[in-house]
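Enquirer: As a plain string of letters, each chain reads:
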Amino acid sequence: MKLIIAVVQDQDSNRLSNALVEHNFRATKLATTGGFLKSGNTTFMIGTDDARVEKALEIIRINCKARDQLVAPVSPMGGNADSYVPYPVEVEVGGATVFVLPIEQFLQF
Amino acid sequence: MKLIIAVVQDQDSNRLSNALVEHNFRATKLATTGGFLKSGNTTFMIGTDDARVEKALEIIRINCKARDQLVAPVSPMGGNADSYVPYPVEVEVGGATVFVLPIEQFLQF
Amino acid sequence: MKLIIAVVQDQDSNRLSNALVEHNFRATKLATTGGFLKSGNTTFMIGTDDARVEKALEIIRINCKARDQLVAPVSPMGGNADSYVPYPVEVEVGGATVFVLPIEQFLQF
Ligand code: NI
Ligand code: NI
Ligand code: NI
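Protein chains in written order, with my numbering: chain Z, 1 to 109; chain A, 1 to 109; chain R, 1 to 109.
If we strip away everything but chain Z, and leave its shape as in the complex, we get (with noise of 0.2 Å):
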């Protein structure tokens, strides 16, 4: 058995937890703030066998993984005209920092 604890963005929360779900994994979660990365995050624990923990890894890489997206200009209506980028920019998003723990014991009572 081990304990993998993976500090993810919030913005992937959610399509983790449906994906660990459909793979049959069980995870707890904690509301989380700043650090490993920008500040919203959410971290995971998951309980899982040795055979698995690969499998889990892919999981989180698949729907965390740090990524640039398009995001669309937003009008000076209302802002500064000066700071306008009149075209769609690049931003980082998303990304997982993850921790892989020994256990002793697993239990469920």
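By construction, these hints were calculated from the structure, which means they are not laboratory data. Bear in mind the structure is a predicted one, so any value in this text is a computation, not a measurement. Ideal placement from N, C-alpha and C gives every residue a C-beta, glycine not left out. Treat each hint with caution, since some may be false.
Here are the in silico distance ranges between beta carbons for each label pair [as the list claims (entries may be wrong)]:
| # | chain 1 | residue 1 | chain 2 | residue 2 | range |
| --- | --- | --- | --- | --- | --- |
| 1 | R | Asp68 | A | Val21 | 23 to 29 Å |
| 2 | A | Glu90 | R | Ala72 | 54 to 60 Å |
| 3 | R | Glu54 | Z | Asn18 | 37 to 43 Å |
| 4 | R | Ala66 | Z | Asp10 | 30 to 36 Å |
| 5 | Z | Arg26 | A | Gln69 | 19 to 25 Å |
| 6 | R | Asp49 | Z | Arg61 | 18 to 24 Å |
With chain Z's structure known, arrange chains A and R with the ligands on it following the hints.
Expert: For chains A and R with the ligands alone, coordinates are given in the frame of chain Z:
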């Protein structure tokens, strides 16, 4: 030293806290959601000497073990009479998912 | 790699955050309650190379160590004059409970 991480249902959380204090265990509680158990759960982190791990697990088991509970029927007033159950029903409540982790160092400042 | 879990008092949390950033440690914070310390504490999860564990522990110790603090007397206005203490009193504040856990894998996606 070991670190025990226990995810329990909210309804058992206060009773477990009190039982741990009574037996001189010290715990930190995290509000957590979903996954291991029905939503609304609390995660306890309990640091303890190796010699007292079994005692801590026993306290968690006694206070949080999954069990059937009789729930009184709810009056159909204001609800759907078709779904009215005129006798108490058994529902499963409680339960705990517990990880025991090795600790390399334990310090208090 | 190690995972350091540190439970500290809320009043030391911001100072610790800043000191960790200043020394290039990355931490995730969890709001936690009770147990190891008086209620109102924050749990830091800090991932770090083995070589920097001692530095991280030193930063936690410096910023969170239990210490006596002089508290100014509170005016008895609106309170009970019998309990008025006309000179500063020393109270213990701060303190940290720290676990250092082994990590089998550390990944960033
Ligand atoms: Ni799949
Ligand atoms: Ni007892
Ligand atoms: Ni320094």
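Enquirer: Run through the hints listed earlier and report the numbers of any the structure violates, in increasing order.
Expert: Hints that this structure does not satisfy do not exist here, as all of them hold.
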